[in-house]
Structures are given as C-alpha cells and as structure tokens.
Amino acid sequence: MTLNPPAGSASSQWLLKEWCLRLGQSIEAMTGEPGQVSERADISGAPEIGSWWSQPFSIAPDCRVWVGAPEPSQKLIGRKVLAGAGIDDCSDEDQISTYREILQQALAGLAHGLSGLTGREVTASNGAESPDGPSHAILLDIVLPGESPTPLIFGWSAETLDHIDQKPAPPKAKAAAAAERTTAPAPTASEPPPTSIAQPATGRTIDLLYDVELPVAVSFGRAHLPLKEVLKLTSGSIIELNRTVNEPVEIIINNCVIARGEVVVVDGNYGVRIQQIISKSERLRTLH
Numbered sequence: 001m002t003l004n005p006p007a008g009s010a011s012s013q014w015l016l017k018e019w020c021l022r023l024g025q026s027i028e029a030m031t032g033e034p035g036q037v038s039e040r041a042d043i044s045g046a047p048e049i050g051s052w053w054s055q056p057f058s059i060a061p062d063c064r065v066w067v068g069a070p071e072p073s074q075k076l077i078g079r080k081v082l083a084g085a086g087i088d089d090c091s092d093e094d095q096i097s098t099y100r101e102i103l104q105q106a107l108a109g110l111a112h113g114l115s116g117l118t119g120r121e122v123t124a125s126n127g128a129e130s131p132d133g134p135s136h137a138i139l140l141d142i143v144l145p146g147e148s149p150t151p152l153i154f155g156w157s158a159e160t161l162d163h164i165d166q167k168p169a170p171p172k173a174k175a176a177a178a179a180e181r182t183t184a185p186a187p188t189a190s191e192p193p194p195t196s197i198a199q200p201a202t203g204r205t206i207d208l209l210y211d212v213e214l215p216v217a218v219s220f221g222r223a224h225l226p227l228k229e230v231l232k233l234t235s236g237s238i239i240e241l242n243r244t245v246n247e248p249v250e251i252i253i254n255n256c257v258i259a260r261g262e263v264v265v266v267d268g269n270y271g272v273r274i275q276q277i278i279s280k281s282e283r284l285r286t287l288h
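Residues in the sequence shown are numbered consecutively from 1, following the working numbering.
To be clear, the hints were calculated from the coordinates, so they are not data collected in a lab. Hints should not be assumed to be uniformly reliable.
DMTMM-like, lysine to aspartate or glutamate: derived pairs with alpha carbons at most 20 Å apart [what the hints assert, rightly or not]:
1) 17 x 165
2) 228 x 240
3) 75 x 48
4) 75 x 28
5) 75 x 147
6) 75 x 89
The whole structure should be built from the sequences, with the hints applied where relevant.
Rendered as structure tokens:
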C-alpha cells in the first residue's frame, strides 16, 4: 500500500474532502464536540492496520472505499462518543462497536454526497471487515477536543473515481454547492486542537429533562393527492409514495427529521437501524 499519493484529479480531491466532512459531522453529531479530520503531511510512523473496513457503493460492484484505524484510535473515538452519551464505564468491545457505528454513519453520509454529485441514488450497504486494504491511501488525523491527534487511513478504488467522473452536469445550485465544498480549505494537522470550548451554562435541573418522553415516528414516504382521489380510496387501494424501496426511511422526533436508517425486523416487530445522524442545519430544513 502506498500512502499519500500525489494530488490527483478533482474527483479524488472531492472524495477525500467529502469523507473528512462526513466523518467530522458524524463525530460532532454523536459527541456534541467538533471533530477535525484532515490529511497528515508527515507520513512517518504510519500505523499498521490489521483489519480494514471495506465499503462498496451501489453505483457498481467495483466502486468501494476502505477505512482503517489502529485499535487505540478506534477505542478513543468510541470512548468519546460514549462519554458524550453519559457512559463513562465501558468495555473495549463497547468502544470498538461504537467506533464502527460512527464509521457506518459517515459512510452513509458519503453515499448521500455521492448521490448529489452523480445525480444517481447511491447507497452504502454490505460493508465488512477485510484483511486487504487499498493499493493507495491517505493518512489522516482526527483531532478531538482535549486529545492528541489520532490516525486513520482512507483509500478508494480507481473505479470509484471513474464513476464520479461520469457524473452528469449538475444544476447551477448543486454546482455552486459542490464548488464551495471542494474549494473550502480543509483543516490541517498543524492546527492545535481548541483548548477551551464555550458551552452553554447548564445546571442540575437539566437532569429533570432526561426522563421526558418524546414521540418518535418513522416516515416511509409521502404522497400528495387531490381531494377527488382521496374520496375514491377504498379498502385495497394502493397509494404510491415518493420514496423507493432502496432509500433510507426518516426518523422523526417532534416533527423534525433527526436521522435516516433502514427497516429491520426484530423479534417479529419492525425496527429501524440508524445509518446517519443528520446535521443541525439539515434538521432545521426538515421541520414539518
């Protein structure tokens, strides 16, 4: 494996920056603290990766990325997430399992970004651990508040870039958004982690809110029908929704979409496996 190949095409630059953005968003959404992800200039002392996470995307069978992190990095990220949820006493297995959840959320976010870029629906599923990694990869640093930088390696197949290059011409609005995302400067590893973070004042009374029950709903899709069509509905009528079977469903709390996931069956009951926690700005846009 060759680390930190020379700066390549616009597609490879977009993919790297999009991954750093999505991983940082997933960490921040679960910890409440900003996580900076950036390329490391000095690759000396790169960690050995015993097992990779290999993630294909639905564009094509050969379209996939790899993510590898040494066990200390996995535990640190998992421990930070669990601490953000108020869980301080956790096992190594819990920490690594939580790290993988963050990883899958970030990969689902990357699939969402690929959907917007290519103009085709892209999903991330059937990911698995693999002893083999990519032929070329980038060494990244994850900087969490109060912690030293921890390494993570990200790579992709050449076919992935080919599929990104085949994207259709986006509308002006999407093109402007994509241009802003690809030209935005990524944080560098030389930037020190913030020494202090302003937090809103909270008292012990916040504990009283933890037992408040909130209504949780899952949206499979929506449809708009004229009144005359609604009056024709009878037993056995079928209403076509605006969502395909492969798209993730939306998890709604208090009329606000907070996450997306896939439908599963647990002990004969329907459930939803969360794949992506959406950002605060996107939550505001989804208010019903």
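Given hint residue 48 paired with residue 75 - CA-CA distance at most 20 Å:
16 Å, holds
Does residue 147 lie within 20 Å of residue 75 when you go C-alpha to C-alpha?
Given that 20 Å is the threshold and the Cα spacing comes to 13 Å, the pair holds.
Given the hint that residue 228 pairs with residue 240, test it: the Cα-Cα distance must not exceed 20 Å.
16 Å, holds
For residue 75 and residue 28, compute the direct alpha-carbon distance and say whether it is at most 20 Å.
Cα-Cα ~16 Å, so holds.
Check the hint pairing residue 75 with residue 89 against an upper bound of 20 Å on the C-alpha distance.
Since the Cα atoms of residue 75 and residue 89 sit roughly 13 Å apart, the hinted pair holds (cutoff 20 Å).
Decide if the proposed pair is consistent with the structure: residue 17 and residue 165, CA atoms, cutoff 20 Å inclusive.
Answer holds: residue 17 to residue 165 is near 16 Å, not above 20 Å.
Checked against the numbered hints above, the structure breaks none of them.
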